[in-house]
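Following the hints, position chain B against chain A.
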Amino acid sequence: MRKATLFAGLVAGFSTLAFSSAQAVEIEYWQYVFDTRVKAMDQLIVEFQKANPDITVKQVTFPYADYQTRVVAANMSGKGPDVMQLFYGWLDKFAVGGILQPLPKDTFPHDKIESDFFPIVSAMKRGDDYYGLPTAVRSLALFYNKKLFTEAGLDPNTPPKTLDEFVAAAQKIAKHDASGNLTVAGSTLDMGGQDHQWWREVLIRQFGGEPYTDGDKKVTYDSEAGLKALSFYTSLQLEKKIGQVGFMDEGQAAFRGGKAGMTIDGTFRLGSFKSIKDFEWGVTELPANAEGIRSNYASYFANGISAKTTGEELEASKKFLAYISSAEAMDIWLKTVGELPARRAAAMTEANLKDPIYGPFLKGLEYAHTTMFMDEAAQRQNAIDMVNRVFLEKQPVKDSLKQAAEAEQAIIDAAKP
Amino acid sequence: MAAIEEQGAAMGRPNGSPSGGPTGGISSRLSMQTRRLLWVWGFLALPILFYTVIRFYPTLQAFYLSFTNWDLLRPAKLVGFANYIKLFKDPQFWKVFKNTFTYLIVGTPISLVLAFAIAYFLDRVRFMHNFIRALYFLPFLTTAAAMAWVWRWFYQPPPIGIINDVLGMAGIPQQPFIRSPDQALFSVMVTAIWAGLGFQIIIFMAGLRAIPSTFYEAARIDGLGEWAILRKITLPLLKPTTVFLVVFSSIGFLRIFDQVYNMTTNDPGGPLGSTKPLVLMIYQTAFNSYAMGYAAAQTVVLFVILMIVSLLQLFILREKK
Chain A
1 MRKATLFAGL VAGFSTLAFS SAQAVEIEYW QYVFDTRVKA MDQLIVEFQK ANPDITVKQV
61 TFPYADYQTR VVAANMSGKG PDVMQLFYGW LDKFAVGGIL QPLPKDTFPH DKIESDFFPI
121 VSAMKRGDDY YGLPTAVRSL ALFYNKKLFT EAGLDPNTPP KTLDEFVAAA QKIAKHDASG
181 NLTVAGSTLD MGGQDHQWWR EVLIRQFGGE PYTDGDKKVT YDSEAGLKAL SFYTSLQLEK
241 KIGQVGFMDE GQAAFRGGKA GMTIDGTFRL GSFKSIKDFE WGVTELPANA EGIRSNYASY
301 FANGISAKTT GEELEASKKF LAYISSAEAM DIWLKTVGEL PARRAAAMTE ANLKDPIYGP
361 FLKGLEYAHT TMFMDEAAQR QNAIDMVNRV FLEKQPVKDS LKQAAEAEQA IIDAAKP
Chain B
1 MAAIEEQGAA MGRPNGSPSG GPTGGISSRL SMQTRRLLWV WGFLALPILF YTVIRFYPTL
61 QAFYLSFTNW DLLRPAKLVG FANYIKLFKD PQFWKVFKNT FTYLIVGTPI SLVLAFAIAY
121 FLDRVRFMHN FIRALYFLPF LTTAAAMAWV WRWFYQPPPI GIINDVLGMA GIPQQPFIRS
181 PDQALFSVMV TAIWAGLGFQ IIIFMAGLRA IPSTFYEAAR IDGLGEWAIL RKITLPLLKP
241 TTVFLVVFSS IGFLRIFDQV YNMTTNDPGG PLGSTKPLVL MIYQTAFNSY AMGYAAAQTV
301 VLFVILMIVS LLQLFILREK K
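Chains A and B, in that order, give the protein sequences.
According to our numbering, the first sequence is numbered sequentially starting from 1.
According to our numbering, the second sequence is numbered sequentially starting from 1.
Bound conformation, chain B alone:
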């Protein structure tokens, strides 16, 4: 009963929305409408309150902390922009900044193209379709830490690394992978892409299924080739899905942590800081060095980056009218 009432309220909201006010005119329904609105706001207040306490307040607090020298032990003292100046002068920060964007700029397109290609073809496969899909989705369900450790062992030099064993059998020289400043970042990125692939495939497939088959039938009757269908029908109609995945995956790569941390625990973010993303730097600054103010400044920078990247993507991929 309550559920029906709530549904009614939800449906009725656009008419009696706050902008219009509950002055619908029909006085007999006014009290009913007000009551419903109270219900709605009553339900909404809880998450709002929750978010205010759990999300917004700490966010604002982080902004404030970034202007202090708080170290957990002594009371925070305002230091103006000192943390930000220190950050921009810190060569480690720029290295980490570069790493973070490498993860983003290389990782996002590769993972999306891969996911789309797999989804596109998997969509046509009937034989063991569900099984194959489950295989792709499995890594997404696995704990990032467990997966990172397995990959970490795969990447080991001989005698224990599987990948190097295979390379050896094929007569290809051994690779240092996560022990090399040049290869480590990409070695870690591969695992991150692999881990996120299943989710992206599922979303892409849902998007593909949502395109009405009549469009394809019409195109085929008109004699359009597969390539043209892909370019003219599938990709444009898939745009909302793509936008969602681009934003989602970008945020994922900008916040990458688990894989890096677990694959390099004895030299976190190493070797020589070559795999360290911004989030790991924040973690170390805050919880190894206890420089909370400095870490807060790094967090604010990450926040700004995330916001700019997301807005930029929404703007570029926006619906052209």
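Okay, chain A solo, but in the shape it has when bound:
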């Protein structure tokens, strides 16, 4: 009897072995190195393989600085990944360069994508095709230091709701020494951080303009609204003296160090701010303008399927991509990485919206815009230079804005595929 069971077990063992070796498909998944992201993906792969024992997923990671180059180089040599992570802003290059294939419509029907995901997913669409789906999305919010709020006589539980309140609170918090040097900033000013997104997608819109038209291929901020937005931003340092570019080196460092009352930053900063021990901080939505208009900037890393993947690997990749953009995966991702779910249903749960930290970011997603960068680094640099010309070279705001708009148009035109 025992022998028989043993034999049966052996046979069963062999047969599953034979079965899986006949069916086994290995696909490769690429993303950049970021501790929590890698861990979250490891966990997702384990779950996925449990449900699909015939598929093995191998995760390969590279440092962020190299990542894009690696993908492009691997694609040329034909040794790329099957499923890969990419920043939404790289899509133009990746789609034109033939690195990605359009998502197969059978597994990823368009109406489903459009109804289930946040509207910013449209940044992954070119022509009639989607090229990728995000697991998680990021948005901006206003972080504030409750200790500095209390010290300045402000209520730490009612953070500013409008731009006017924001400026007033910042002015109360800001401190200067006898020779006029800033010692505590009301709010950080750091165009190299997230301020350029704030200026571009939020302030310009709140002052009644639009940063770009024509699929973000035409710069339109050299306008009345753009001028008002830039004047508002530069006046924060020049007239209202609530902050200073380069104070404590970087905006996030000033906030971390407890030397800044407020800072505008993204979900990705949560991990770093969570280790702050010296003071309590809170998060609130980006300030609205006087008419109550709000805006936000959202971005994300999406996952797409390589153009070179076919046959069994393609089928496996489709399954894997479907899994990592499922609500279940998004929940794991939120818990491990702290990034917001990209599906409306997974994100807008009662618990998430009530969460004092995730809540403001999630509300921001509803009205967020996503800039379709052509050359993200150069466009960001352009915004930094625009503000620096006003601060350091005393160039009139109007001239600096005009120069920036022309330079950015040139960058976009040069990068057009």
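Hint data in this document are derived by calculation from the structure and do not stem from the laboratory.
Every residue gets a Cβ at the ideal spot worked out from N, C-alpha and C, and that includes glycine.
Honestly, I wouldn't trust all of these hints.
[Claimed, not checked] To spell it out: a stretch of chain B is covered by chain A in this simulated footprint if at least three of its residues, at any positions, have a beta carbon under 8 Å from a beta carbon of chain A; those stretches are:
#1 47 to 59
#2 121 to 133
#3 258 to 271
[To be verified] Cβ-to-Cβ under 7 Å is the rule here; a few derived chain A residues that face chain B:
#4 Thr183
#5 Ile357
#6 Asp375
[Said to hold, decoys possible] Heads up, incomplete: computed chain B residues facing chain A, CB under 8 Å, no partners named:
#7 Arg74
#8 Leu78
#9 Asn288
#10 Ser289
Here is chain B on its own, set in the frame of chain A:
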């Protein structure tokens, strides 16, 4: 055993050099000589092969790429001199060009004069000589990135910048340093000079030690003053060392990158491009904008500059016979 044989080959090479050919005449040694030559070339072939694959081939490839519009994604297409024309019309390039030469023209003489002065006096110091020398050499051993970050914090405005704190205590107005388009380049240059100083001091000191002391004794007996000794004996005899250091330091300043990049990471080469050297522009063009062809053209220009500057220096500082 093999080492001795090789040494023999190396010593024997001038006689049986390729120009003369291994037809020395003594037939009994011919086979030996040929064998040695084979050994020599066998050993030499490895580095030559290595350099061909790692250095020369990519260099030639860069020349070719500079005439294409390669962007990593699509196959390269020849575009003639378009990249070069674009480069010479690009105001950013001229700004970067000016920055690069400011680093070179200001940085090299200052660092050499400083290094020589320190080496000259340190050479006479007996008290804690090794310790002081080690102190000067230490920055050279430190990672440029780590050092640049420390200096970056030194230069911060109040309340965290040490230099500004000291200035404040002395009643001198605060300086923006790396936040100012006028001061930033020199602030970065100071750190680069400081970082390279130790190496130059050591080389200068070795050069000073190599001058036979009999020359000095003779000069002193003849009643020459210190200044005259420095001018007539030390400096002329130190010329090979100086030539080496001038070329070495110039190439260093022309290729400056680490310090600039690390001190200005949130606005690389800023503010307003005032510290950006050519190498950083190449890096950004290639790996931020992925304009490989354009970046290759910039590389070729840098290559030509480096070559001209080096040849010019060797020519000016050449041994007059």
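Evaluation of the provided hints:
1. With a cut-off of 8 Å between beta carbons, the stretch 47 to 59 of chain B has 0 residues touching chain A; three or more are needed, and the interface restraint is violated.
2. Proximity of the stretch 121 to 133 of chain B to chain A, defined as three or more residues with a beta carbon under 8 Å from a beta carbon of that chain, is not established by the 0 residues found.
3. Closer than 8 Å: that is the beta-carbon criterion, and the stretch 258 to 271 of chain B has 5 residues meeting it against chain A, so the requirement of 3 holds.
4. A distance limit of 7 Å between C-beta atoms decides the matter here; for A:Thr183 the minimum to chain B is near 5 Å, and the interface restraint holds.
5. Hint status for A:Ile357: violated, given a least beta-carbon distance of 25 Å to chain B, over 7 Å.
6. The interface hint given for A:Asp375 holds, since its Cβ lies 5 Å from the closest Cβ of chain B, which is under the 7 Å cut-off.
7. Hint status for B:Arg74 relative to chain A: holds, with the closest Cβ pair at about 7 Å, below 8 Å.
8. Because the beta carbon of B:Leu78 sits about 18 Å from the nearest beta carbon in chain A, more than 8 Å, this interface hint is broken.
9. Because the beta carbon of B:Asn288 sits about 4 Å from the nearest beta carbon in chain A, less than 8 Å, this interface hint is met.
10. Interface restraint check for B:Ser289: the shortest CB-CB distance to chain A comes to about 5 Å, inside 8 Å, so the restraint holds.
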